[in-house]
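> As they're listed, the protein sequences go chains U and A. Heads up, the first sequence is in the numbering used here, so the first residue is 1 and it goes up one at a time. Heads up, the second sequence is in the numbering used here, so the first residue is 1001 and it goes up one at a time.
Keep in mind that the hints were calculated from the coordinates and are not lab data. Just so you know, even glycine gets a beta-carbon here, dropped at the ideal spot from N, CA and C. One or more of the hints may lead you astray.
[Stated by the list, open to error] To spell it out: a stretch of chain U is covered by chain A in this simulated footprint if at least three of its residues, at any positions, have a beta carbon under 8 Å from a beta carbon of chain A; those stretches are:
no.	segment
1	78-91
2	98-108
[As the list claims (entries may be wrong)] Dumping the calculated SDA-like pairs for lysine to any residue here, alpha-carbon to alpha-carbon at most 20 Å:
no.	chain 1	residue 1	chain 2	residue 2
3	U	Lys87	A	Arg1158
4	U	Lys87	A	Glu1152
5	A	Lys1121	A	Thr1062
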Amino acid sequence: MTPVVKITDVHKIYDSGEVKVHAVRGISLDLYKGEMMALMGASGSGKSTLMNTLGCLDRPTSGTYLLDNIDISTLDRNELADLRNEKLGFVFQGFNLLARTTALENVELPMLYGKRRVRSREMQERAMHCLSIVGLSDRADHFPSQLSGGQQQRVAIARALVNQPQVLLADEPTGNLDSKTSVEVMGVFQKLNDEGITIVMVTHELDIANYCKRNLVMRDGRVVSDTPVANRSIAEVEMKRLNAAEAAAKLIA
Amino acid sequence: MPKRLLHFLLPAATGVIFILVWYAIRFSMNEEMQFLLPTPGEIIASFRDNGDSLARAALNTTEGALLGFAGAIVISAALALTLSLSSLIRISLYPYLMMLQMIPVIIFAPILILWVGPGLKSVVVITFLICFFPLVVNTTQGLISTDRNSVELFRMYRANRLQEILLLRVPAALPYFFTGLRIAAVLAPIGALVGDYTAGSSAGDGGGLGFQAIIYSSQAKYPALFATAAVTCVLGFVFVGVVVGLSWLALHHWHDSYERTDT
Chain U
1 MTPVVKITDV HKIYDSGEVK VHAVRGISLD LYKGEMMALM GASGSGKSTL MNTLGCLDRP
61 TSGTYLLDNI DISTLDRNEL ADLRNEKLGF VFQGFNLLAR TTALENVELP MLYGKRRVRS
121 REMQERAMHC LSIVGLSDRA DHFPSQLSGG QQQRVAIARA LVNQPQVLLA DEPTGNLDSK
181 TSVEVMGVFQ KLNDEGITIV MVTHELDIAN YCKRNLVMRD GRVVSDTPVA NRSIAEVEMK
241 RLNAAEAAAK LIA
Chain A
1001 MPKRLLHFLL PAATGVIFIL VWYAIRFSMN EEMQFLLPTP GEIIASFRDN GDSLARAALN
1061 TTEGALLGFA GAIVISAALA LTLSLSSLIR ISLYPYLMML QMIPVIIFAP ILILWVGPGL
1121 KSVVVITFLI CFFPLVVNTT QGLISTDRNS VELFRMYRAN RLQEILLLRV PAALPYFFTG
1181 LRIAAVLAPI GALVGDYTAG SSAGDGGGLG FQAIIYSSQA KYPALFATAA VTCVLGFVFV
1241 GVVVGLSWLA LHHWHDSYER TDT
């Protein structure tokens, strides 16, 4: 089986005239379909640079990146953007939903651009389908301000899914959420992963990384550890535990 | 709800106190000086005596204010879009926009009279000039203050420039635009009145409220002057009221400045 993502000896040097920053120093990484990887490391460790490279937002200075067997160094800017829209979905820490548009319209957004033209009927059906995947079909006509943080992030996940990507890239997806809502959102990620979507997420929190299958830790632009998660947390179980604890707390009060 | 009731009772009470103080001052004045401050009753009576001229003047002023206001909205929107495209354009044009705003109406009015003649045209241009600046500054600010993350999101999805402007920048600029619009709505009737005062004309249908104010004061019709002030206030409230309503329609369901009760 060929990996969805194959990175070989990637370096990234930012050259701002006087100072050269060697952000990524020789990383090789294979990601196969159905993996769920947490990318960890202190700030300055190069994980954001690696994430930008994975997201085709930035080209490596040297080394190769094959995304679904396509060498991205052979593509021009527009081809790269098309590949990105086709193969990758993005989820951000701050949700990045448009305030003036409903949940449904936010999910439709990625289909408005790029080379593939989608008819508005099909667009709506696909967006509705993605909202139902994240369990928000009854909130389609709500505006972001009418949704909770967890619901907003789920809308953002639905938006990331709408072009049927191979890989979902999430940059601290639970960074703005409280712990219970984080579990809720991790539950959505685990469900998607069970259905075969490959997921990479940057996170600072160990307990969030524990919901993934594989943890990759970076320091000073290098991978310092790359281990499978031994005792993986399951969001559904964790949610039941939290709800039970909440109910017990209410009984005592 | 008691709080809701207070919202009506408090302003009403202030009004009653205000009118009482008004009468108190009036009746404490020497009889020969009392013409300086007509009572509310006398002002209402002056509406009866000058109803025709006031109504006609109010209509003319409304026409001038509306045309100038509408022109300012259209042209400021177009200019704001242009200005938002690049900081170089902004740097090149801002000083001259400021200049336009700095020229006082009383200097501009005689020039305008030379150019387009006294009357409605001059009034419209003066109203336009007064409303234009807050609109263009606010709208431009809104167009360039779009959330950076959202802009990056659009670029990432490879949205083109037109999509970025129409789907992202324009909607995000709406709250700023409405802030400018509220200021301009207050200024529009005042602008039309000042324009009429400085460049109005009795030709045709007899000028607007500003022109009428000159006539009343020359005829020493002081109650009618107060009535003119009242009509101007009503006009201003109508303008602002319509804008506040429009702003609510456009923003209430998504913008944070409006409280939401539904979740």
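> Take the hints in turn and mark each one as holding or not.
Hints and how they fare:
{"no.": "1", "hint": "78-91", "verdict": "holds (count 6)"}
{"no.": "2", "hint": "98-108", "verdict": "holds (count 4)"}
{"no.": "3", "hint": "U:Lys87 with A:Arg1158", "verdict": "14 Å, holds"}
{"no.": "4", "hint": "U:Lys87 with A:Glu1152", "verdict": "18 Å, holds"}
{"no.": "5", "hint": "A:Lys1121 with A:Thr1062", "verdict": "13 Å, holds"}
Hint check: no violations occur; every hint is consistent with the structure.
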